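Participant: Sequence:
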Amino acid sequence: MNHRNGFNPLSRTTAHRRAMSRNMVTSLFRFERITTTKAKALEVRKAAEKLITRGKVDTVHNRRQVAKFIQDEKILNKLFTEIGPRMKDRQGGYTRILKIGFRQGDAADMVILELVDYKLDTDAPAKKAEKKAAKADKSAAPAEKKAEKATAKKASKSADKEAPAKAKKAGATKKAKAADSAEKKE
Numbered sequence: 026m027n028h029r030n031g032f033n034p035l036s037r038t039t040a041h042r043r044a045m046s047r048n049m050v051t052s053l054f055r056f057e058r059i060t061t062t063k064a065k066a067l068e069v070r071k072a073a074e075k076l077i078t079r080g081k082v083d084t085v086h087n088r089r090q091v092a093k094f095i096q097d098e099k100i101l102n103k104l105f106t107e108i109g110p111r112m113k114d115r116q117g118g119y120t121r122i123l124k125i126g127f128r129q130g131d132a133a134d135m136v137i138l139e140l141v142d143y144k145l146d147t148d149a150p151a152k153k154a155e156k157k158a159a160k161a162d163k164s165a166a167p168a169e170k171k172a173e174k175a176t177a178k179k180a181s182k183s184a185d186k187e188a189p190a191k192a193k194k195a196g197a198t199k200k201a202k203a204a205d206s207a208e209k210k211e
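FYI, the numbering for the sequence shown is 26 to 211, going by our numbering.
No lab work stands behind these hints, which were simulated from the structure alone. Note that the coordinates shown come from a computational prediction; the quantities given were computed from them, not determined experimentally. Glycine is no exception: its CB is placed at the ideal position from the N, C-alpha and C atoms. All the pointers check out, no bait thrown in.
Capping the alpha-carbon separation at 27 Å, the derived lysine-lysine pairs in DSSO-like fashion look like this: (1) 103 with 144; (2) 81 with 113; (3) 81 with 103; (4) 93 with 113; (5) 144 with 63; (6) 144 with 156; (7) 75 with 65; (8) 93 with 63; (9) 157 with 144; (10) 124 with 75; (11) 124 with 63; (12) 99 with 144; (13) 160 with 174; (14) 75 with 103; (15) 103 with 156; (16) 113 with 144; (17) 99 with 75; (18) 99 with 65; (19) 65 with 103; (20) 93 with 71.
Estimated spans, in silico, between C-beta atoms of each pair: (21) 99 with 177: 43 to 51 Å; (22) 32 with 161: 46 to 54 Å; (23) 143 with 97: 15 to 23 Å; (24) 99 with 74: 19 to 27 Å; (25) 27 with 161: 51 to 59 Å; (26) 177 with 152: 34 to 42 Å; (27) 93 with 162: 42 to 50 Å; (28) 30 with 107: 32 to 40 Å; (29) 125 with 99: 23 to 31 Å; (30) 114 with 38: 34 to 42 Å; (31) 124 with 99: 27 to 35 Å; (32) 175 with 102: 44 to 52 Å; (33) 26 with 134: 16 to 24 Å; (34) 99 with 34: 29 to 37 Å.
Construct the entire structure; sequences and hints are all you get.
Facilitator: Written out as structure tokens, the structure is:
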């Protein structure tokens, strides 16, 4: 029986459990959706809900209390400027747990822990395609310049190869002229 147990220790030491909880809450606020085991999600949810409640009211005291738990300043600001105001009209229940099945190796019950107002971005593939096209356009211009430079280098190298050959011929003709002039003098 589980009487009077306030939390699940998750078979970890206190320091490990605290660090894991902080990291997972930070990841939840950063990505607004994480995949984990059911037991971890239930524990992380407790901490996340309390922090979101504090994030609804942006005061120095609340920021300091939350900063004890979340060390990343960007995520801390996101909690107070984006997530907290979005949850302003809710009285609780800021997260949801969606079951996704069992893990392959150990058959652990896997879930998705996400913020309630999380919306899957259906335009994401189109946006990614646009970004790739823009990158391709930008990288194509330097590639064309590189190709032009390469052809210019090849042309200059072939010219450099021809120049010594011409110089040798010129040198040979000079030597031949010198030999001819030497014969004439004799």
